[in-house]
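Protein chains in written order, with the numbering used here: chain A, 1 to 648; chain B, 1001 to 1174; chain C, 2001 to 2159.
Note that these hints are calculated values from the structure, not bench results. Predicted model only: the values in this text are computed from it and were never measured. Worth double-checking, as some hints may not be accurate.
What the hints assert, rightly or not - Derived BS3-like pairs: lysine-lysine, alpha-carbon spacing no greater than 30 Å straight-line: (1) A:Lys513 - C:Lys2150; (2) C:Lys2068 - B:Lys1102; (3) A:Lys382 - B:Lys1102; (4) C:Lys2069 - A:Lys596; (5) B:Lys1088 - B:Lys1102; (6) A:Lys467 - C:Lys2150; (7) A:Lys382 - B:Lys1088; (8) B:Lys1037 - B:Lys1093; (9) A:Lys537 - B:Lys1056; (10) C:Lys2150 - A:Lys382; (11) C:Lys2068 - B:Lys1037; (12) A:Lys382 - B:Lys1037; (13) C:Lys2068 - A:Lys596; (14) A:Lys513 - A:Lys467; (15) B:Lys1025 - B:Lys1102; (16) A:Lys267 - C:Lys2150; (17) B:Lys1037 - B:Lys1146; (18) A:Lys596 - B:Lys1088; (19) A:Lys382 - C:Lys2068; (20) C:Lys2069 - B:Lys1056; (21) A:Lys40 - A:Lys332; (22) C:Lys2069 - B:Lys1146; (23) C:Lys2150 - B:Lys1037; (24) A:Lys513 - A:Lys536; (25) B:Lys1056 - C:Lys2068; (26) A:Lys426 - A:Lys513.
To be verified - Quick list of the computed label-pair ranges, beta carbon to beta carbon: (27) B:Glu1160 - A:Thr30: 52 to 60 Å; (28) A:His34 - C:Leu2110: 25 to 33 Å; (29) B:Pro1031 - A:Thr30: 52 to 60 Å; (30) A:Phe422 - B:Ile1007: 49 to 57 Å; (31) B:Pro1050 - A:Glu444: 51 to 59 Å; (32) C:Asp2072 - A:Leu148: 27 to 35 Å; (33) B:Pro1050 - A:Thr539: 41 to 49 Å; (34) B:Pro1031 - A:Ile320: 30 to 38 Å; (35) B:Asp1144 - C:Tyr2103: 48 to 56 Å.
Quick reminder that beta carbons are idealized off the backbone N, C-alpha and C, glycines included.
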Amino acid sequence: MIVELGHFSTVLALICSAMLSIIPLIGAQTNNVHLMAIAKSAARAQFLLVLLGFLALTWAFITNDFSLTYVASNSNSSLPLGFRISAVWGAHEGSLLLWVLILSIWMAAFTCSNNDMPPQFKARVLAILGIISFGFLIFMLFTSNPFLRSLPSPANGLDLNPLLQDLGLIIHPPLLYAGYVGFSVPFALAVAALLGDGVNPEWARWTRPWVLVAWSFLTIGISLGSWWAYYELGWGGWWFWDPVENASFMPWLLGTALVHSLAASEKRNIFKSWTILLAIATFGLSLIGTFLVRSGILTSVHAFATDPTRGVFILAFLTIVIGGALAVFAAKKPQSDPLASDSLAARETFLLTNSIVLSVATATVLLGTLYPLLIDALGLGKMSVGAPYFNSVFIPLMVPLLMLIGFGQTAHWRRDSFRRLFSIAKYPAACATTLAIGAWAMLEGTGAIQAALGLLMAFWVIVATLKNLYLQLSNATKISPVRRALLGQSVAHIGFAVTVIGVTLVSIYSVEKHVRMSPGESVEFSTYQATFDSIKKITGPNYSGVEATFNVTQDEKVIAVLFPQKRNYNAGSQTMTEAGISAGITKDIYIALGEKIDTEDWGVRLNIKPFVRWIWFGAFLMAAGGTIAASDLRFKRLNKNRRPSAQT
Amino acid sequence: MKAQPIIPIAIFILLVALFGIGLTKDPRLIPSPLIGKPLPEFELSLLHHPEDIVEKHDLIGEYMLLNVWASWCVACAEEHSLIVDLAKQKIIKIVGINYKDKSADALRWLEEKGDPYDSTLVDFDGELGMDLGVYGVPETFLIDPKGQVLYKHVGPLTLEVIENNLLTFTRPEQ
Amino acid sequence: MMEMIRIVVLALASLSALSILASDYSYTFTTPQREMRYQSLMEELRCLVCQNQSLADSNAELAQDLRKKVYDMITTGNDDDQIMDFLTDRYGKFILYDPKLNYENAPLWLLPILMICIGVYVISRLAKQGERSEAVIPQSAQDDADALVKHLEERSKQL
Chain A
1 MIVELGHFST VLALICSAML SIIPLIGAQT NNVHLMAIAK SAARAQFLLV
51 LLGFLALTWA FITNDFSLTY VASNSNSSLP LGFRISAVWG AHEGSLLLWV
101 LILSIWMAAF TCSNNDMPPQ FKARVLAILG IISFGFLIFM LFTSNPFLRS
151 LPSPANGLDL NPLLQDLGLI IHPPLLYAGY VGFSVPFALA VAALLGDGVN
201 PEWARWTRPW VLVAWSFLTI GISLGSWWAY YELGWGGWWF WDPVENASFM
251 PWLLGTALVH SLAASEKRNI FKSWTILLAI ATFGLSLIGT FLVRSGILTS
301 VHAFATDPTR GVFILAFLTI VIGGALAVFA AKKPQSDPLA SDSLAARETF
351 LLTNSIVLSV ATATVLLGTL YPLLIDALGL GKMSVGAPYF NSVFIPLMVP
401 LLMLIGFGQT AHWRRDSFRR LFSIAKYPAA CATTLAIGAW AMLEGTGAIQ
451 AALGLLMAFW VIVATLKNLY LQLSNATKIS PVRRALLGQS VAHIGFAVTV
501 IGVTLVSIYS VEKHVRMSPG ESVEFSTYQA TFDSIKKITG PNYSGVEATF
551 NVTQDEKVIA VLFPQKRNYN AGSQTMTEAG ISAGITKDIY IALGEKIDTE
601 DWGVRLNIKP FVRWIWFGAF LMAAGGTIAA SDLRFKRLNK NRRPSAQT
Chain B
1001 MKAQPIIPIA IFILLVALFG IGLTKDPRLI PSPLIGKPLP EFELSLLHHP
1051 EDIVEKHDLI GEYMLLNVWA SWCVACAEEH SLIVDLAKQK IIKIVGINYK
1101 DKSADALRWL EEKGDPYDST LVDFDGELGM DLGVYGVPET FLIDPKGQVL
1151 YKHVGPLTLE VIENNLLTFT RPEQ
Chain C
2001 MMEMIRIVVL ALASLSALSI LASDYSYTFT TPQREMRYQS LMEELRCLVC
2051 QNQSLADSNA ELAQDLRKKV YDMITTGNDD DQIMDFLTDR YGKFILYDPK
2101 LNYENAPLWL LPILMICIGV YVISRLAKQG ERSEAVIPQS AQDDADALVK
2151 HLEERSKQL
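Input sequences plus hints: build the corresponding full structure.
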């Protein structure tokens, strides 16, 4: 009954979104206040209705209602409650509902933004978001409905894929979607601007916090995915350039470019067309990502159980939404502005370069991801493009980016000189070089030069950012207080450098060893010794398996005791490897069981992962920086005495 | 900075076209590089007569199907009845290759489900499988009288595949 | 069609779940170069069963067989090209993760370079536009500005 109510509620939401898509747009065109006001109520109503639907589905999972096909395919009565709830978004149908819910939350949040946006603009933004909701709701209700029942209902369900029975599933998709889907707001803001008064600094000021918050969510979402893969998949990898990972990374890259381009649009009213294009493209990549994951055209560990007919629908939807936006762009393109800086060393140049580098990076990742498909489509057979390719093209692009951060954040708008920039850079550069040489002295092996270079870049960014922050703080006056935007920017840039440190060190200095061990045996790896102490049988709520005990020592001192497991899940008879991890600031010790060999022996993978946690900590800093920047007071309603934006 | 609308629109159209074509393809299927090449050499024993060794030249000379299967393979059971039926019609010689299996299990499996094979070779360690590029049983190859590989099908056979791909040699050239 | 795909996946899954033969954990090499070659080949070769993992990471049985094969080939003195030819003769170029430069995948390498060139071009156009004298603010103007700021600060302190 509750499920039927939820289903009905979702259908009502569909009707709301239809109204939202049409009426406010007419209102904006005809300047009819009443019609435009519908937008706010329709958006909020849609949110409530979708929420009810979502809660109803959750209820079905909690109460083990296996008459719903979706619940039966993804849950089981012995599944712990927490996972039963997260199973709501464990597969395609439910995750679509989550997508729509999060979109509705963003829409409702937008209705609450109390600032000086003109009503036509607001109405248009909500209407565009309504169109997107409508598309997804129709898609869900007609091709991927989680509320469908199948009778007679099975006694029990198939259980959630063991890979997903994890904390990671509980938090990664919602946060990732919050980011992914969140870029629909800048998209709507961009198209609304095209339909209305166009791009101006005010529009940029309105848009920036939305971009920053969506970007922060996406940063967290992606890094959670990486962390989850690291400890869950059992071999210590944290990024695989898997098509689905790339699908979330590309909006992130372009979203970063968008943040920076918006700064220029806000401060100097330039890069207008480019910013709009970035906003459209970023969300476009989100939709493309949704398409890639659910259509089955690319193989991926992440892909949902797929169906090409669903792919057709998403592709059609994607074409309409993005194609429509591009058509509006072509029709109403903002005036192309002359490059408005007087010198090459001005901040505009750095921001432009930032956009270029990030766009090239995005395009390259897209190329690599789709190239096998292209070759297949042309009938030239099947080829593979994997991590070796992506690493060799992506990493070199990051080097100029890192170098430029240090200069760009100090450069003045419109007019600056390289002489001034270099003189400011002298001390940080020297500091960074000293630190890098020091690090190089401590590192060994053939990768030491590479590692030192990566560290040099990262140290440079950190020291230059700190110096810039210090300079701005000491120049701060009542007239031009240091804004949160500057603080956020600094934290985010430092976060990026921290991630680079983690990536550099873990990529070059990971130690991996596969050995065959029997209980009682010891093995040396790196400077440690691991002893396979014992192994015992274990049972969990919905699995049974074995757990091994490993003592890790260094110079006779016990560093860690690890308990890697091998689990066999009852319902699906899948085997999972749970690694034993000793997490640390400067390294992780990571041990996983491979296969059983003969009666006693096991294959064991032993890993040392230096500084791997820095990758995710850096991402956390980036997201924190983005959030701090978004909370900058200048984004709120301006006071009566309009203060001109001071230098950031 | 200028941004000509035509460029992103063109890129977008290309992407959509690519995706559209991509929807008609299956990314997991890997085409075989053996098509048009000779069957690899091998030296394997027979399942029913382990003391007899069979080599490539013993086998070729007429059109035949090589069906790679194993008793532990769930999908092989699904296609097996089709192969048994096909064998009864005596259109084409069917040779089985028992892949990485225990012979006792294999013999029992054939007894239970029927033995459509003219002969069954035992590829215990998967060497022939590797030479054939086997990556997922069951797989079926169409071999011509000269020992050339004409076609490979990955996955369980269906009537459609048998009719349209494997038995094409029986039709006169058009 | 969907049914078939599901069945193939089932078949592949059942193949990967099995492990009759001993695994490869005791591979030793006569020289460190050989070990390094083995490691890097393992990263560059794709598992056909678990198609999103390299041979280094995959636990599928076919991956184990292929690891053994590569190990055997290295130990008997084959070089990397011979090993990769052996594998592509049987499995096609799908098995190689690192597309070696040839006509087919030239775009993969050329397009990024092309895009970078375009980017550099855009920036150089900016350079031509802005190649005026680098901004130097005359000292008198700087003094005036400083005085104004001081004045405003004092005013705001009084508020």
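Hint-by-hint comparison with the structure:
no.: 1; hint: A:Lys513 - C:Lys2150; result: violated, 66 Å
no.: 2; hint: C:Lys2068 - B:Lys1102; result: holds, 20 Å
no.: 3; hint: A:Lys382 - B:Lys1102; result: violated, 34 Å
no.: 4; hint: C:Lys2069 - A:Lys596; result: holds, 21 Å
no.: 5; hint: B:Lys1088 - B:Lys1102; result: holds, 27 Å
no.: 6; hint: A:Lys467 - C:Lys2150; result: holds, 24 Å
no.: 7; hint: A:Lys382 - B:Lys1088; result: violated, 37 Å
no.: 8; hint: B:Lys1037 - B:Lys1093; result: holds, 20 Å
no.: 9; hint: A:Lys537 - B:Lys1056; result: violated, 49 Å
no.: 10; hint: C:Lys2150 - A:Lys382; result: violated, 70 Å
no.: 11; hint: C:Lys2068 - B:Lys1037; result: holds, 25 Å
no.: 12; hint: A:Lys382 - B:Lys1037; result: holds, 18 Å
no.: 13; hint: C:Lys2068 - A:Lys596; result: holds, 17 Å
no.: 14; hint: A:Lys513 - A:Lys467; result: violated, 42 Å
no.: 15; hint: B:Lys1025 - B:Lys1102; result: violated, 36 Å
no.: 16; hint: A:Lys267 - C:Lys2150; result: holds, 25 Å
no.: 17; hint: B:Lys1037 - B:Lys1146; result: holds, 10 Å
no.: 18; hint: A:Lys596 - B:Lys1088; result: violated, 43 Å
no.: 19; hint: A:Lys382 - C:Lys2068; result: holds, 25 Å
no.: 20; hint: C:Lys2069 - B:Lys1056; result: holds, 22 Å
no.: 21; hint: A:Lys40 - A:Lys332; result: holds, 26 Å
no.: 22; hint: C:Lys2069 - B:Lys1146; result: holds, 29 Å
no.: 23; hint: C:Lys2150 - B:Lys1037; result: violated, 87 Å
no.: 24; hint: A:Lys513 - A:Lys536; result: holds, 23 Å
no.: 25; hint: B:Lys1056 - C:Lys2068; result: holds, 25 Å
no.: 26; hint: A:Lys426 - A:Lys513; result: violated, 43 Å
no.: 27; hint: B:Glu1160 - A:Thr30: 52 to 60 Å; result: holds, 58 Å
no.: 28; hint: A:His34 - C:Leu2110: 25 to 33 Å; result: violated, 57 Å
no.: 29; hint: B:Pro1031 - A:Thr30: 52 to 60 Å; result: holds, 58 Å
no.: 30; hint: A:Phe422 - B:Ile1007: 49 to 57 Å; result: violated, 36 Å
no.: 31; hint: B:Pro1050 - A:Glu444: 51 to 59 Å; result: holds, 55 Å
no.: 32; hint: C:Asp2072 - A:Leu148: 27 to 35 Å; result: violated, 53 Å
no.: 33; hint: B:Pro1050 - A:Thr539: 41 to 49 Å; result: holds, 43 Å
no.: 34; hint: B:Pro1031 - A:Ile320: 30 to 38 Å; result: holds, 34 Å
no.: 35; hint: B:Asp1144 - C:Tyr2103: 48 to 56 Å; result: violated, 31 Å
Against the hints set out earlier in the document, violations occur for numbers 1, 3, 7, 9, 10, 14, 15, 18, 23, 26, 28, 30, 32 and 35.
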